[in-house]
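Asker: Sequence:
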Amino acid sequence: MSSQSTPIRRSQRIKEVQSSQPVIDDEEIEDSAYEDQDESYGETTPKKRKRTTKGPGKPANSSKKSKRNPEDVLAEMRENFEEHYIFQALNDSEASISELANDWLEQYKSNKDLAKKDLVNLILNVVGCYTTIEEHDVANNESASETVSEIQTFFKRQLNHEFYLVSKKPEYANLKRNLVDFANHLISISEENGLLYENIVISEDDEEVEEPEDSNLMEDLLIWLSSFSVSYIRSLRYVSTLLLLNIESSLCQSIVKVNTSLEKFKHQLEKEQEKRTKKQNKALEKRITQMESNVNQYTNQSLILDNFIQDILNTTFIHRFKDIDYQIRVEAMSSLGDWMDLYPELFFKVTYLKYLGWVLSDENQHVRLQVIKTLIKLLKKNIIVTGLRQFFERFKNRIIEIAFHDVDRNVKTNAINLLNEINKIGFLEDEEIGQITSLIFTSKDPKIIKLVSKFINTVESENTKATLDALTVNIKTSENSFPLDLKEVIKIHNLIEILTVASDAENQIDEQENQLVQSNKLKPSPFAIAGKELFALPAYSDHWEFLIRYFLLDIDSTDLVDDELSKAITLTAEQETVLFGVIHGALIHLKETNEELKKKNKEVDDSQLQKLITHLPLLLKKVHNEEQNLSTFIQILLLYPVEFFENFNQSNTYKTIFQQLIKQFKNNSVDGLQNEFKEIFKVLENTFGSTTVDEINSLFKDLVTELIIEFENYVKDPSFELSKTSIETLHEDFVLKLLLLSLKYDTSDVFKTFEYIRSKVFTIFPDFKIESISSETATSLIELYLTATSYKLNYLIHTQEELDIEKELKEIPDIIQEYQYLLNHVPASDFQTKVVFALTSLLTLLKNFFVDPNPALLNVNRFHDIDLASLAISEETTKVILNLFLTKEAYFANLVDIDLERDDDEDVNFNSIKVDTSDLDDQELTQREFEVDLDLSLYSAKLLDFGETGLLDRKVLNRIKLNKESLSELFESVVERYEQKKTTNGDSIVTPQPQQQPTQQQSKSKSASSNRKSIAKLPSTQEEEVEDEEDSVPEIAMDD
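Residues 1 to 1040 (the UniProt record's numbering) make up the sequence shown, in order.
In case anyone wonders, no lab produced these hints; they're calculated from the structure.
Even for Gly, the Cβ is constructed at its ideal location relative to N, Cα and C.
Don't take each hint at face value.
Distance ranges between label pairs, derived from CB positions [stated by the list, open to error]:
{"hint": "1", "residue 1": "Asn-601", "residue 2": "Lys-663", "range": "38 to 44 Å"}
{"hint": "2", "residue 1": "Pro-483", "residue 2": "Lys-663", "range": "26 to 32 Å"}
{"hint": "3", "residue 1": "Glu-592", "residue 2": "His-405", "range": "28 to 34 Å"}
{"hint": "4", "residue 1": "Asp-904", "residue 2": "Asp-717", "range": "52 to 58 Å"}
{"hint": "5", "residue 1": "Asp-694", "residue 2": "Glu-574", "range": "22 to 28 Å"}
{"hint": "6", "residue 1": "Lys-354", "residue 2": "Asn-601", "range": "34 to 40 Å"}
{"hint": "7", "residue 1": "Lys-354", "residue 2": "Gly-426", "range": "47 to 53 Å"}
{"hint": "8", "residue 1": "Leu-639", "residue 2": "Pro-483", "range": "23 to 29 Å"}
{"hint": "9", "residue 1": "Ile-425", "residue 2": "Glu-135", "range": "54 to 60 Å"}
{"hint": "10", "residue 1": "Leu-618", "residue 2": "His-405", "range": "41 to 47 Å"}
{"hint": "11", "residue 1": "Leu-537", "residue 2": "Ser-96", "range": "26 to 32 Å"}
{"hint": "12", "residue 1": "Val-851", "residue 2": "Glu-875", "range": "58 to 64 Å"}
{"hint": "13", "residue 1": "Ile-709", "residue 2": "Leu-537", "range": "49 to 55 Å"}
Below are the BS3-like pairs computed for lysine-lysine, each with C-alpha atoms no more than 27 Å apart in a straight line [claimed, not checked]:
{"hint": "14", "residue 1": "Lys-521", "residue 2": "Lys-655"}
{"hint": "15", "residue 1": "Lys-621", "residue 2": "Lys-523"}
{"hint": "16", "residue 1": "Lys-264", "residue 2": "Lys-275"}
{"hint": "17", "residue 1": "Lys-373", "residue 2": "Lys-354"}
Kindly generate the complete structure, drawing on both the sequences and the hints.
Answerer: This is how it looks when you write it as structure tokens:
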């Protein structure tokens, strides 16, 4: 926009372009009427219309009143309607739009009213309106609003319309693009031939001039299109707004061209004026006069175009950018971006940037997406204007919020792309960069993770360049004596530093993500997930071995003496953990890439991975005392099967690694590595025909023997006393480890140790508050005994030895009594539930064992009839079991606010159980309801399955079923499953399946999973989709 030395007064007609328009704000549009119109935009297909290519279409006779049925009138209008010739041309992919626009302009010169009529009828045709207007309807611009109002009335009476501009039908595929081109050509052609500037007077503010008698082109366009742009009919408003916004774009192109010419002639004029001398030069003066004329002409044109631009801004944009139709808002934001690109001198300023910022909070995702794409396009132009930093200082937090929390994936991903562009121009602070990069840890969306990886790569590249520039001399001095490429070390160090800051930004990534041992499955660390994505990028893809060498490097042992350089490459303990996780991710990516290549029958060079094998023992040596890093190491080891090592003749390396892991297992706590060792045992279980694995299995069996001996010695020591400390020692040093080992290895030798456990531990438990000792510890002891029993019974059912059953199982009756004693003397709690589960599982195992006893065993009947009289659950224990169910049932009922039926003899006021949920939000309350429902259903399923043994009072079973229709769907399905099974099987007890008789050694080597096939399988107590809650309990003991 050019500057002026004197005030310029616009002509009265130009002023009236705006003042004559009844601009309706969004608030004035009745939503109900608006929605009514929207409902009529179904893509109906009218009967085939007559088409013509001979000039303007004939107007439909819409003014005559008819007493006929309105539907008949509408059908006749549709039948007689002829598409407008411009509409037909715009649908033709081969039509010359410039010629079409030029023809309309020629018509405008000769007959303005006819041209305006064609333009209005074209708009009506585009929105599917059968009503047409005549020349007299557009003759008076002052009546434009009234004419548009009448059109709206006819439009509404028509009821059904097909909005061709947004139609998906192929015959209208070119319509929108050609319509926009038509509007653009109207402006560009009229600007070139001067029609755009005709009938416009520019004067000083205090100068009286005679107004032109006739209107000008822009005035006519503005008046009629602006009148339609405030219509309550959405399609009319959309088409007219689209045309006005694109006319504005063309005006921006024109004014830039005019201003360029203006500056050119100004510069030439100054040059010629400098040549003036005291002696007159007629030729020079003639040139100066001509140039002054050119300058005046282009100055006036620039002022006129500027007025037009302001008129559209004031009549259209400032109202339509907040239109209730999101598609109109999208067009407004897209056009604003175009104007900023075409005419940055006016638009690429805070004055207009703020509109983009405001609309970032638009309720519609398409609008937010358009704003973000507009900003990306502008930033990629690499034009930094005054106010741009101010704009992003105000709105970048909103963009970051969108990247994290927007409901639309496309909007989120584009927000990340935008943040990447903002960072390139240096408008992000370090804290904000850390916040954005933390998405690589928290997001579950692969596309977002990939985009954040690229963002991290961009940040790392910039940081590395700055570091290298600052340390150029230092690097040159030390690079020959340093064992690694210093530039690459700095690159990786900067990458790790970025990831470390990102993890801090999310409070160490989020406890739920970082505490892997609490999940049911072993998962890569968040750093490994980040590394996997980062090393899919070309910038890092070949660095996996370099990472390992950097991780293993002892920088203190090198000759590096430069403090600045040392600071730039030395890793903290936290950064080492991050780097090791990234190494894991890089190896995951490498393995997946090789597997994909093999699937495509492409050659893969695995020999490079032989280097990894040589590094593994060194890695284990470095990380064996750090739990999180040891977890990462085990996951790296498990990426490759034993065959991988054997193929490279590295079986001894594999075995040596396991020797060190077994040593680590024995001498250190494994509480935080349970999932890792479970995965190890699963891998060993599923590996067949490997002598290396056989040797490793032998090592683990030896470990079982050692732990059992030490366990027994610890408990039977005369100085042993039950305390919080001794209970924790039992758990960490013996019980938990044996439970983990029992997933694959026979732990039945621990059976005899429970003679001491019963007398020194179980009998003392009730004297302790269960909270004062670890509930997990107490539970693990019970579970270990159950596991040992299952292994013992499996051995006894298959052995050929004449073993005395009274000696082999002599502790079981006392243990059963201890379980019942515990139930009656500890308060209702999760621990009490665990005891019920263990007791019922143990009794089920024994019941099934004696259904078809091994004939080789001695004193079976006497032991069953005399010693196992305790199989009968006492009345007191039955009451505890029932009351625990009633407590769980009441808690759930009060939580979801339902009434329960009760038996007459229930002597506990379970209705008094109150649940305080005042501090829970909706999501937390839903989660609580699910957890309580699951707990109730699991407990009920366990009791119902146990009821099939005949060892539980039928009264308990009937009481469980009493409210099946009142509680949850999950609970009802549990009861129905029991009833269905009961109907099918009756009261029969599942008997063991016959198998070949193994030797004692063969029997002991069987895992818990294979043992389940020998002892009668315990009925499942929960639905298929629910994962095992008792993950540390052997599968034979607890199928629930």
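Asker: Enumerate the violated hints, using their earlier numbering and listing them in ascending order.
Answerer: Structure breaks hints 5, 6, 7, 11 and 12.
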